[in-house]
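Chain by chain, the residues run as shown.
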Amino acid sequence: MLRRALQLGLGRGLLGRGLLGRGLGTHRGGSTLDQNGKVSEIKKKIQSVLPGGAWNPPYDTSYLPPEHSDVVIVGGGVIGLSVAYWLKRLEKPRGAIRVLVVERDHTYSQASTALSVGGIRQQFSVPENIQLSLFSVEFLRNINEYLAVVDDPPLDIQFNPSGYLLLASEKGAAVMESNVKVQRQEGAKVCLMSPEQLRNKFPWINTEGVALASYGMEYEGWFDPWCLLQGLRRKVQSMGVLFCHGEVTRFVSSSSHTETTSGEEVTLKRIHEVHVKIDRSLEYQPVECALVINAAGAWSGQIAELAGVGKGPPGTLQGTKLPVERRKRYVYLWHCPQGPGLETPFIVDASGAYFRREGLGNNYLGGCSPTEEEEPDPGNLEVDHDFFQDKVWPPLAQRVPAFETLKVRSAWAGYYDYNTFDQNGVVGPHPLVVNMYFATGFSGHGLQQAPAVGRAVAEMVLDGHFQTINLSPFHFSRFYLGEKVQEHNII
Amino acid sequence: MAAPRAPLHLVMPVWNRGTRGIRGLSRAVALEGSQKKGRSLLQFLADRFYDVQALREYLLQKQVLKVHQKNRFQGKEWIRSDAHGHFSLDFLKFQAVPVEAVDASGCAINYQGLDSLLALKELQSLWLQRCPHVDDWCLGRLHPLANSLQELSLAGCPRISERGLASLHHLRNLRRLDISDLPAVSNPGLTRILVEEMLPSCQVLGADWAQGLPSGPEEQSQDRASPIPA
Chain A
1 MLRRALQLGL GRGLLGRGLL GRGLGTHRGG STLDQNGKVS EIKKKIQSVL PGGAWNPPYD
61 TSYLPPEHSD VVIVGGGVIG LSVAYWLKRL EKPRGAIRVL VVERDHTYSQ ASTALSVGGI
121 RQQFSVPENI QLSLFSVEFL RNINEYLAVV DDPPLDIQFN PSGYLLLASE KGAAVMESNV
181 KVQRQEGAKV CLMSPEQLRN KFPWINTEGV ALASYGMEYE GWFDPWCLLQ GLRRKVQSMG
241 VLFCHGEVTR FVSSSSHTET TSGEEVTLKR IHEVHVKIDR SLEYQPVECA LVINAAGAWS
301 GQIAELAGVG KGPPGTLQGT KLPVERRKRY VYLWHCPQGP GLETPFIVDA SGAYFRREGL
361 GNNYLGGCSP TEEEEPDPGN LEVDHDFFQD KVWPPLAQRV PAFETLKVRS AWAGYYDYNT
421 FDQNGVVGPH PLVVNMYFAT GFSGHGLQQA PAVGRAVAEM VLDGHFQTIN LSPFHFSRFY
481 LGEKVQEHNI I
Chain B
1 MAAPRAPLHL VMPVWNRGTR GIRGLSRAVA LEGSQKKGRS LLQFLADRFY DVQALREYLL
61 QKQVLKVHQK NRFQGKEWIR SDAHGHFSLD FLKFQAVPVE AVDASGCAIN YQGLDSLLAL
121 KELQSLWLQR CPHVDDWCLG RLHPLANSLQ ELSLAGCPRI SERGLASLHH LRNLRRLDIS
181 DLPAVSNPGL TRILVEEMLP SCQVLGADWA QGLPSGPEEQ SQDRASPIPA
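Chains as they are written, first to last, in the working numbering: chain A, 1 to 491; chain B, 1 to 230.
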């Protein structure tokens with residue numbers, strides 16, 4: 001025991017000397033800062049474990065979305081980012097709203113935005129579409145004023161102001177004339193051309209079968225959608241929008257029953273939480289939110305089903321699903337050495353086949369929308385090259401004889417968020433799931449309307465009604481009421 | 001700008017006179033006075049925001065016809081500004097005479113500023129050399145001048161690329177086009193060839209056709225010391 005006590009005493013003495021030694025050591029050469037940093041870290045960890053303080057987990061959780069967010073935007077493509085941008089730009093006061101953008105693929109490998117041909121036109125038949133496109137093109141012209149970020153280089157979206165040339169056969173000539181009248185009323189600069197004027201202007205076109213052509217003189221053309229996407233992403237991040245690399249798997253909502261004025265029972269739903277599953281993991285984070293914006297593009301139908309849209313007896317408002325489907329579209333790039341030159345506009349033939357010039361080396365991009373019977377399986381993005389041989393090349397070669405000799409360089413496929421009801425967008429809240437807003441279903445013209453749609457949705461969210469462009473014809477309830485807003489000029 | 005400074009002159013003496021009377025002259029008081037004057041000037045301007053806005057728009061329109069700009073009316077000589085930057089009042093006599101040529105070189109004209117040029121239906125010659133804000137979007141606007149425009153010069157504009165030049169094919173009466181020295185055009189030689197094909201009756205002044213091509217045959221001829229015909 002004495003020995004033990006001696007040992008203890010010796011040990012303590014050694015310890016004491018050791019401490020002293022260490023103390024001397026620190027005074028001599030080591031840094032006191034390091035010691036203090038470690039001590040404060042340990043203090044923080046102890047405080048987080050003890051009750052009464054905020055939960056700061058001792059491991060890195062920066063990949064998880066926040067636990068609370070005012071607005072959750074499902075989908076980080078051009079529409080989702082545009083909504084985020086306008087929400088942040090129009091909010092009062094600055095910094096009032098926390099916006100979270102959930103995107104499950106940060107490489108955008110299947111996103112419609114990145115795979116788009118990038119055209120923008122005002123030649124639509126529905127006036128709201130024309131207004132959306134006019135504002136969007138103004139946005140693109142002044143893109144460096146809208147999306148400027150301090151110390152970052154200006155954006156160059158590489159706009160080609162070459163215009164769209166739509167060709168119509170005898171059948172479609174009357175519709176084209178009335179469309180052009182509507183377009184001119186809204187302020188688009190479109191001119192109608194007879195086959196002879198067409199031959200004078202573009203001698204390489206074979207005008208057989210063409211009764212009328214409409215040519216956009218200004219503000220139409222094509223640009224680089226990836227640049228717009230990256231510019232929006234950069235700007236939106238600088239404005240404080242949070243991003244999460246994950247997938248929405250569940251909505252937790254609550255229901256309440258009310259009666260309408262006519263005495264019918266109606267079940268209103270409100271989404272309280274969004275479960276975001278982290279990519280390549282089983283972990284999920286429930287995000288408490290006030291609003292959900294469905295900008296998931298080709299996958300919006302699935303997101304709407306998760307929220308309970310369409311779960312009910314068919315023919316009722318509860319049973320009306322969101323009619324947005326994934327549809328696969330092919331784009332082919334070919335080289336034709338004798339092809340049309342620098343003046344080539346974006347030509348859309350009466351048969352539905354289209355093409356445009358790409359670069360200065362006699363390369364052309366084009367494709368064709370298949371008919372309902374020939375719709376390819378949207379399960380993957382594999383390209384069917386026979387489709388080019390059978391459906392795209394013959395009408396284009398007939399229209400432009402120089403295209404009889406061409407060589408396909410490459411091809412890719414992308415999705416349309418196709419609205420099977422009337423091929424126009426769905427914008428605005430759902431009548432029953434009161435805090436889910438839609439911004440989807442644009443069926444191939446979403447990119448060119450994205451800035452304007454983003455502003456419209458932000459106005460709806462912040463003010464409760466549309467202020468600049470009235471998109472009430474695009475409300476969800478038209479699917480239940482059967483009121484089609486049919487767009488005739490779909491490419 | 002001239003106008004907002006005028007109220008400044010009005011406000012300043014009144015205030016200073018006031019402070020001098022009440023508190024006596026001292027630097028500190030004058031400084032405080034000028035701060036207060038600054039605030040009241042801001043108030044003054046804020047109250048008259050729309051007037052200031054209208055004034056600025058008017059001055060911007062005037063900037064289109066800036067110091068170096070010259071106009072030529074039909075059949076007459078060029079009307080230029082003199083050394084002080086003022087135009088002689090003669091040109092007011094020509095209000096009914098159509099404008100034939102406009103030289104806006106070096107001018108800060110932009111997309112909106114082109115409104116005034118596009119209204120000139122008989123314009124034959126337009127020089128937009130070295131204009132810093134003329135870009136592809138502006139070229140897309142020139143199609144209303146298609147009937148009359150015969151000469152267009154875009155030399156040295158830093159923002160014009162080959163994409164904007166594609167929209168010049170509307171100008172079918174163009175006889176002379178100058179697209180030399182465009183830094184944003186990626187392939188000047190090839191662009192000149194394509195523009196010449198696009199406008200067959202137009203004489204295009206631009207980069208050399210062979211610019212950007214490797215000078216292969218000449219190097220070989222130096223080795224063999226015998227000229228190879230190009």
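Some hints could be false.
To be verified - Once the Cα atoms are required to be at most 25 Å apart in a straight line, the calculated SDA-like pairs of lysine to any residue come out as: (1) A:Lys-201 to A:Lys-311; (2) A:Lys-189 to B:Gly-156; (3) A:Lys-189 to B:His-143; (4) A:Lys-201 to B:Pro-144; (5) A:Lys-201 to B:Leu-126; (6) A:Lys-201 to B:Glu-151.
These are computed hints drawn from the structure, not numbers from a lab.
Hints, one by one, checked against the model:
| no. | hint | result |
| --- | --- | --- |
| 1 | A:Lys-201 to A:Lys-311 | 55 Å, violated |
| 2 | A:Lys-189 to B:Gly-156 | 29 Å, violated |
| 3 | A:Lys-189 to B:His-143 | 11 Å, holds |
| 4 | A:Lys-201 to B:Pro-144 | 16 Å, holds |
| 5 | A:Lys-201 to B:Leu-126 | 23 Å, holds |
| 6 | A:Lys-201 to B:Glu-151 | 20 Å, holds |
Figure legend: structure checked against the earlier numbered hints; hints not met, in rising order: 1 and 2.
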